[in-house]
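A.B. asks: Sequence:
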Amino acid sequence: MTNIPGTARVVIIGGGVIGCSVAYHLAQKGWKEIILLERKQLTSGTTWHAAGLIAQLRATANMTKLAKYSQELYGNLEKETGVATGFKRCGSITVALTEERKEEIFRQAAMARAFGVDVEEISPNEVKNKYEHLNIDGVKAGVWLPKDGQGDPGNIALALAKGARNKGVDIFENTSVTGLITKRSLLNGGDDLFTSVAHINLVPLAGRRPDNRFVVQ
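The letter at position 42 of the sequence shown is residue 1414 when you use our numbering, and the numbering goes up by one with no holes.
Errors might be hidden in some of the hints.
[To be verified] Taking lysine to aspartate or glutamate pairs in the DMTMM-like style, the calculated list, with each CA pair at most 20 Å apart, reads: (1) Lys1519 with Glu1472; (2) Lys1534 with Glu1405; (3) Lys1401 with Glu1452; (4) Lys1474 with Glu1493; (5) Lys1502 with Glu1492; (6) Lys1440 with Glu1405; (7) Lys1440 with Glu1452; (8) Lys1512 with Glu1452.
Just so you know, these hints were derived from the structure itself, not from any lab. Remember, it's a predicted structure, so these values are computed and weren't measured experimentally.
From just these sequences and the hints, can you work out the full model?
C.D. replies: As structure tokens, then:
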């Protein structure tokens, strides 16, 4: 039977790219006693069939900074963990078909540039030069981001999981969380610590499904 610790500082439920990323980054910050629980296998939910596009032209400052950080992280993750991510910086072009859209994407480009994103406003002819198969009839302008790219979402998640494990995170697959019981919560105010108890179904290879109590402090 899988030997899940009785206590932990953090329990992450779900082993997709988001869960693996949370585990990786908390461990990178120096957090200890982190557990990730996945009901089947890592990436077996919606992660494996995501498009995997990493585009930095965003509508808000926080989303722009997050996208910039993501392409930098994925570009180095394979070297760090030894797990291929399939990430390639093929670049991206966003085109505008109206003057209003041109103003919008140029404004986004200016914001991205302020946060250090490599971005360039380009003319319709420059759009055609970069991607000759595109019909530029009606195109007013474009924005070119050479460091945008695409990766394999499943392998990115597995690389993040490997990095998390290397930093001490315990990852348990075939482990379903069937309920949470909150005893005390910071939402109640005061200085109470958050404590929750989860009923966890373990699904070992032998097929027996024992129930465990799991305490998070």
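A.B. asks: State for each hint whether it applies.
C.D. replies: Evaluated hints:
no. : hint                 : in the structure
1   : Lys1519 with Glu1472 : violated (26 Å)
2   : Lys1534 with Glu1405 : holds (16 Å)
3   : Lys1401 with Glu1452 : holds (16 Å)
4   : Lys1474 with Glu1493 : holds (10 Å)
5   : Lys1502 with Glu1492 : holds (12 Å)
6   : Lys1440 with Glu1405 : violated (29 Å)
7   : Lys1440 with Glu1452 : holds (19 Å)
8   : Lys1512 with Glu1452 : violated (42 Å)
In summary, the structure is inconsistent with hints 1, 6 and 8 from the numbered list given earlier, while agreeing with the others.
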